[in-house]
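Use these hints to put chain B onto chain A, whose structure you have.
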Amino acid sequence: MIAVIIRRLIWSIPVFLLVTGITFITMHALPGGPFDTAKTPPALVDQMEAVYGLDRPLIEQYVTWLANMTRLRFGPSLAYRGQSVESFLLPALGISMQLGAFAMLFALMIGLPAGIIAALKHGHWQDRSATFVAILGVSIPPLVLGPLLYWLFALKLDWLPVAKWASLSDGLWPYISHAILPAITLGAGISAIIARLTRASLLQVLYEDYMRTARSKGLSERVVTVRHGLRNALIPVVTYMGPLAAAILTGSLVVEQIFAIPGMGRYFVTSISSRDYPMVMAVVVIYSVIIVLVNLFVDIMYVFIDPRIGHAH
Amino acid sequence: MSSSTQESATRTRATELANELASTQRRSRGLWSDMVRQLVRDPLVVISALFLLLLIVIALFPGLFAPLPYDLTSFQDKLASPGSMATSDKLAGHRYLLGADRLGRDMLSRLIYGTRVSMAVAFIGAGVSFLIGVTYGLISGYARSSIDNLMMRIVDVVYGYPTLILIILLQVFLTASSQQDPSQISGLQQIIIGLDNSTGGLFFVFVAIGAVSWLNMARLTRGQVMHYRQQEFVQAAEAIGAPRKRILRRHLLPNVLGPLIVAETLAIPTYIYTEAFLSFIGLGVQPPMPSWGGMISDAYGALRSAPHLIFFPALALSLTMLAFNFLGDAIRDAMDPRMKGR
Numbered sequence: 001m002i003a004v005i006i007r008r009l010i011w012s013i014p015v016f017l018l019v020t021g022i023t024f025i026t027m028h029a030l031p032g033g034p035f036d037t038a039k040t041p042p043a044l045v046d047q048m049e050a051v052y053g054l055d056r057p058l059i060e061q062y063v064t065w066l067a068n069m070t071r072l073r074f075g076p077s078l079a080y081r082g083q084s085v086e087s088f089l090l091p092a093l094g095i096s097m098q099l100g101a102f103a104m105l106f107a108l109m110i111g112l113p114a115g116i117i118a119a120l121k122h123g124h125w126q127d128r129s130a131t132f133v134a135i136l137g138v139s140i141p142p143l144v145l146g147p148l149l150y151w152l153f154a155l156k157l158d159w160l161p162v163a164k165w166a167s168l169s170d171g172l173w174p175y176i177s178h179a180i181l182p183a184i185t186l187g188a189g190i191s192a193i194i195a196r197l198t199r200a201s202l203l204q205v206l207y208e209d210y211m212r213t214a215r216s217k218g219l220s221e222r223v224v225t226v227r228h229g230l231r232n233a234l235i236p237v238v239t240y241m242g243p244l245a246a247a248i249l250t251g252s253l254v255v256e257q258i259f260a261i262p263g264m265g266r267y268f269v270t271s272i273s274s275r276d277y278p279m280v281m282a283v284v285v286i287y288s289v290i291i292v293l294v295n296l297f298v299d300i301m302y303v304f305i306d307p308r309i310g311h312a313h
Numbered sequence: 001m002s003s004s005t006q007e008s009a010t011r012t013r014a015t016e017l018a019n020e021l022a023s024t025q026r027r028s029r030g031l032w033s034d035m036v037r038q039l040v041r042d043p044l045v046v047i048s049a050l051f052l053l054l055l056i057v058i059a060l061f062p063g064l065f066a067p068l069p070y071d072l073t074s075f076q077d078k079l080a081s082p083g084s085m086a087t088s089d090k091l092a093g094h095r096y097l098l099g100a101d102r103l104g105r106d107m108l109s110r111l112i113y114g115t116r117v118s119m120a121v122a123f124i125g126a127g128v129s130f131l132i133g134v135t136y137g138l139i140s141g142y143a144r145s146s147i148d149n150l151m152m153r154i155v156d157v158v159y160g161y162p163t164l165i166l167i168i169l170l171q172v173f174l175t176a177s178s179q180q181d182p183s184q185i186s187g188l189q190q191i192i193i194g195l196d197n198s199t200g201g202l203f204f205v206f207v208a209i210g211a212v213s214w215l216n217m218a219r220l221t222r223g224q225v226m227h228y229r230q231q232e233f234v235q236a237a238e239a240i241g242a243p244r245k246r247i248l249r250r251h252l253l254p255n256v257l258g259p260l261i262v263a264e265t266l267a268i269p270t271y272i273y274t275e276a277f278l279s280f281i282g283l284g285v286q287p288p289m290p291s292w293g294g295m296i297s298d299a300y301g302a303l304r305s306a307p308h309l310i311f312f313p314a315l316a317l318s319l320t321m322l323a324f325n326f327l328g329d330a331i332r333d334a335m336d337p338r339m340k341g342r
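Residue numbers (our numbering), protein chains in the order written: chain A, 1 to 313; chain B, 1 to 342.
Bound-form chain A, shown alone (with noise of 0.2 Å):
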């Protein structure tokens, strides 16, 4: 299992160098530099770009850059200027994360007894209507939702806060009213695909020979279906974590940029246009690094869910 691990972390490695080296010519190709405005003179921009080391060749450039993020520096920001990138993208990206996580929460909360119940009741109106919604609910995307939501609860009926995000500093309640609207806007499409997944792997399942076998020694339906069927079907579900985990992230930029939440999302979409390179590079080295490490979790906890993997290896 260890093994596996190391294995699959080495393997990351050219994935990781390729994708930020791409980030990494495209972002300096883009024509205009960050020092660039009509007022500052040449000489001057030379300067700066000098200050900054971005005189030098592009591959040097490179390996500097990835020689300090070993030691986890991003490097100054070229935008705000005297700060470095780590300064504020961490505490962007711990609220990125919160946001994610409650999303993901919302979403398991309603997807997963939604997939259950339609299954359970295949073909009643319970499985109809689940189904019908699940698809609502893709078709919905936060963009429309996002508005709709703030429209409704934020202006109309003034009931949640929005425009901020509160810390727990600030007490329970602020911290999740702020924390609801924008959850739900990112975690509504996530529950709908979660319940269509749990509702068709379970299907499969219910119709399995060991099925019939548990039940046939007698066992009661619920252990039945929750230690034979469940603990089965939501393999399938698990293994789309991965995904579901970059749709969250790439979701949480909408949502961001809708709920004016200060997340890595914003600092993404401004850094580019000020041409702010340390920023850009920071902020997909840290999207591609949480995309590899929860696929590396999903594998692992794969073992624990399906015991024949495990003894496979």
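The reader is advised that the hints may include incorrect statements.
Claimed, not checked - Where chain B lies over chain A, by a calculated footprint (3+ residues, C-beta under 8 Å):
{"hint": "1", "segment": "19-30"}
{"hint": "2", "segment": "137-145"}
{"hint": "3", "segment": "232-244"}
{"hint": "4", "segment": "249-259"}
{"hint": "5", "segment": "286-296"}
Said to hold, decoys possible - Which bits of chain B does chain A cover? Going by a derived footprint, with three or more residues having C-beta under 8 Å, they are:
{"hint": "6", "segment": "235-246"}
{"hint": "7", "segment": "304-310"}
Simulated from the structure, these hints should not be mistaken for lab results. Don't be surprised by glycine CBs; every beta carbon is placed ideally from N, CA and C.
Okay, now just chain B, sitting in the frame of chain A:
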């Protein structure tokens, strides 16, 4: 006289033969006709298909449906509520069925012209990703394992990249390079940039979405080919010396096509949404060209004062995605033999 009866007899026999031929043909096409018959039975599918057909017609001939040009401004009528009459003299007698935006442009007309963008992204995006992805997947799946490995590692690398981020980077790159000094760029680049400008920035959206969306298709196709290439009918074709091209086109492609069509139909809402999002953050279609995402972005700024503005583009976006999702789901169920009779 006798010649005419002979003739009619021949004709009857010919008809019989034709009928027989037609019936065997129908029997051999059973899967497809079964599928269509099952699809037509579901009212939701029929409604979705008709709705999409309507959108295609609107997208092809927006001028026939739109009461006003999409960029006609009338400042007296800014943020006009739905159903109100135009106040300016030049538009006397015009009724804003869906209201007017913050520049006094008719929302209905903009919505209708916006259909063009979403439909173009849906079909051209799907076409590009299908063409590139399926070709790539077919070659990779049928090639030697060393070539297959190389081709799939390339896919893996791009796959490890968060999709939306790659699209944003590409889009920024493309739009930034189009704003360069015209004297510095070559003729081909100028043609491409001209194409992009004349489509209001839509061309680069196609390129950015197309560059990313074929990956899934390629993986799926390769998986399918790997499954079928070991089967007897492919081995038989190889044994009688059929050239590779023929095996790929006549034997493998028809067999792998089904799941690919389903996957592509279900991917279309993502393309539509990606364009809407790009336009929302100002990286997509350039104003004044209307796109539903851009309209949502515009209206979002005026959510307090004119919440009705966001309603119609949001509804249009969701309904279109919904129709494609319904259709894709229904085709998948209709193709799945296990779903028969359910």
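Original post:
Holds or violated: the segment 232-244 of chain A covered by chain B, criterion of 3 or more residues with Cβ-Cβ distance under 8 Å?
Top reply: violated (count 0)
Subject >> Within 8 Å of chain B's CB atoms, at least three CB atoms from the segment 137-145 of chain A: coverage verdict >> reply: Satisfied; 6 residues make the cut.
Subject >> Per-stretch coverage check for the segment 249-259 of chain A, three Cβ contacts closer than 8 Å to chain B >> reply: Our answer is that it holds, as 6 residues pass the Cβ test (under 8 Å) against chain B, meeting three.
Original post:
Are at least 3 residues of the segment 235-246 of chain B within less than 8 Å of chain A when you compare beta carbons?
Top reply: With 0 residues close enough to chain A, the hint is violated.
Original post:
Are there at least three residues in the segment 304-310 of chain B whose beta carbon sits under 8 Å from a beta carbon of chain A?
Top reply: holds (count 3)
Subject >> Given coverage of the segment 19-30 of chain A by chain B, checked by CB-CB distance under 8 Å (3 or more) >> reply: With 7 residues closer than 8 Å to chain B, the segment 19-30 of chain A meets the three-residue bar; holds.
Original post:
Counting residues of the segment 286-296 of chain A whose CB is closer than 8 Å to a CB in chain B, do you get three or more?
Top reply: n = 4 at 8 Å, threshold three: holds.
When the structure is compared with the earlier hints, violations turn up for hints 3 and 6 and for no others.
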